[in-house]
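K.L.:
Chain A is fixed; fit chains R and Z onto it per the hints.
Residue numbers (my numbering), protein chains in the order written: chain A, 1 to 136; chain R, 1001 to 1219; chain Z, 2001 to 2359.
It should be emphasised that the hints constitute simulated quantities derived from the structure, not laboratory data.
Model, not experiment: these values are computed from the prediction.
Where a beta carbon is used, it is the ideal one built from N, C-alpha and C, also for glycine.
Ranges of calculated distance between the beta carbons of each label pair, as one might list FRET restraints:
1) Z:Asp2179 - A:Thr72: 50 to 60 Å
2) Z:His2104 - A:Ser70: 48 to 58 Å
3) R:Gln1100 - Z:Ala2099: 55 to 65 Å
Below 25 Å or equal to it, Euclidean Cα-Cα: the simulated DSS-like pairs (lysine-lysine) are:
4) Z:Lys2222 - Z:Lys2184
5) Z:Lys2218 - Z:Lys2277
6) Z:Lys2342 - R:Lys1040
7) Z:Lys2222 - Z:Lys2182
8) R:Lys1039 - R:Lys1215
9) Z:Lys2346 - R:Lys1039
10) Z:Lys2341 - R:Lys1039
11) Z:Lys2341 - R:Lys1040
12) R:Lys1136 - R:Lys1069
13) Z:Lys2218 - Z:Lys2182
14) Z:Lys2277 - Z:Lys2308
15) R:Lys1040 - R:Lys1215
16) R:Lys1039 - Z:Lys2342
17) Z:Lys2143 - Z:Lys2218
18) Z:Lys2277 - Z:Lys2222
19) Z:Lys2346 - R:Lys1040
20) R:Lys1069 - R:Lys1139
21) Z:Lys2308 - Z:Lys2243
What follows is the residue order along each chain.
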Amino acid sequence: MSLDSIPIHVVPPGEPGLTGNAPPLLRELLEMVRRLLETGEPSAIDLSALPLTPADLDWLRDKLGAGEISVTLQANGESTLNETACPGVWWVTHHNEQGAVTSQFIEVAFVPDLVKAHPQDVEIGSGYLELLVSDL
Amino acid sequence: MNELEFLTWTRGPGLDIAVGIFLLGVLWRLIEIYTLGRKKDLAAPRHAAGASGLHTVFRRSLPPPGMLKRSPVSYIGGYIFHIGLAIIVFLGAPHILLIQNLVGLSWPSLPSQFIGLTAVVTMAAMVVMLADRINKPVKRFLSTFEDWFTWAVTFLPVLTGWMATQHLLLPYTQMLALHILSAEILLVVLPFSKLFHGFTLFGSRWYNGRVNAHKGVPV
Amino acid sequence: MQGPLIDTLARRGVTRRTFLKYCATLASMMALPPTAGRAMAEAMAAARRPSVIWLPFQECTGCTESITRSHSPTIEGMIFDMISLDYQETLMAAAGHQAEEALHAAMQDNAGKYLLIVDGSIPLGQDGAYSCIGGRSNVDILKEAAQGAAAVIAVGSCASFGGIPKANPNPTGAVSVSDLVKDKPIVNIPGCPPIPVVMTGVLAHYLTFGSLPELDDKGRPKSFFGETIHDRCYRRPFYDQGKFAKTFDDEGARQGWCLFELGCKGPVTHNACATVKWNGGTSWPVESGHGCLGCSEPDFWDGGGFYKALSAPADPLKFAAAAAVVGAGAGVAVSVANRVKKSAAKATHETTTLADLEK
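With the rest of the complex left out, here is chain A (with noise of 0.2 Å):
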């Protein structure tokens, strides 16, 4: 059976607009985007901790734009993470394997945690290359 046949058909209450709560965090994100200038700490808003609308967060993603980098991470499930036409400040999308968001935030970095390969991990791969290597 298949699920069209079960006659329920979800109409979305009207989307709420805008609430105003997304302009203050442009003025949060200078903050870190400075801080970040002068200390080279990275740091991250939680999206999904703040009560934003759909309408907020196209609000706040057209503000910043798009930039030029865009990473796909395929880690249980896909992540995307995108350089905004700020450079250094980065919009991190985690999906589960079906595609739901899991988590959303706006991380402030040269790169992203998520990206730099960790150095235990270098080592597996070094020690991969030099299996490569001997065989040669």
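P.N.:
For chains R and Z alone, coordinates are given in the frame of chain A:
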């Protein structure tokens, strides 16, 4: 007791107890009052225009000549809050649902916005009447504990019900539980206080009208 | 299984980035600052495995099923590899006396340091004879095991609040863990069954920060149980607009309107179903068209019916008829008394004459 247990108690055992005491009290007092009987008036009945039980029932709903000017607050405020209470209790959708749940009867309701507005007007009228009772030396002198108490017991269900539907102060469920509890207190107090006039009012008007009509006096 | 968790995970094909991503999401769900995700990942990746003893009492194993089989292979399930699960009847290979020995060995070796997980309520009736393991009553076992525990985690509504065994009339005299254990920190993770990630979150918090997460007044982690289902429900706008499904197959139900009038207990239920959802984020009860039963609240079985609106009377009036009869009886009795008094007064009435008055 957490909020769910509190609400469950007010919806279940609390309601049972309150309705039980209410029915017990109402039947007891009605039977007691109406079986008292009165001595038969052996005098020959006189007749006068407008003198009968039914006339008095209606006439006493209107202010006697001149009284409206002398104490406008009592009359106008009294009308407003009595009519308001009747509208809220009998034409509010959740109340009709409750009655339907209990006894199976139902009828059309008024929009909830209108009921909300009525509640505000009713509460305003009750507050004005309370202020009047406090300000007027004669009214204050005549007031007993029962007057203040019954005012509060009547006012609280309106206030909590309105606050619950407007989502003020407390979460809806807690306010709803308080509303049900306050209505239950009202049910318990009603048969044993002056609030019983809701049941005896027309009976006693009829009685007074009848007794005086026999003497040829329209009251 | 030895070595840091990250190696174990790597052997199972879970990469470091997958783990980092998981921890970021977990920290977000637990309302921890975004930096906590990284701290969590580092601490957990290198964590020394704490000993965990899992005691099943009056339960249905649904809680164990929820956590171990939620959605395989989950990281939730793998997190269990980072603890040394020294006793879990459902999962352990040992049986009989061997199992009991494992329990006692773990309790002695890790005295004061192990985490005690309990699922199921504890019956007190008949000296606890309703539920025994190896000839000992649950209440004895719990008291002994709790003594050496660093903290107790009550998993499921039965362990947290008594659950279905405690439902009226509670034939076995079932009580919750917190009714018996008073001198240890207790975390309640109620739900029937509880959401797997809540369990992982509490373990992750304990391993990362060496403490239990912040709890509400019923001992539940605030980060997961801080808000009601109703507060976060995607059908909430319909509630606010006054659009309710009246039956399970009417137009309102098909349009996905609010289920309040069909008995949804969302407004009084604190849990994370509306945000975390079930089965790997597939759906959750309200999304599939059924109201919330309130399973993570104490005594939800006796909450006045699953299909009755919270504002409707829970029970048809039980005393009403009796009260009416008693009231009518009282009225009749008093009026008879009044009549008797009146006729007595009439009988003793003496006619007053003019002569009497002049006396």
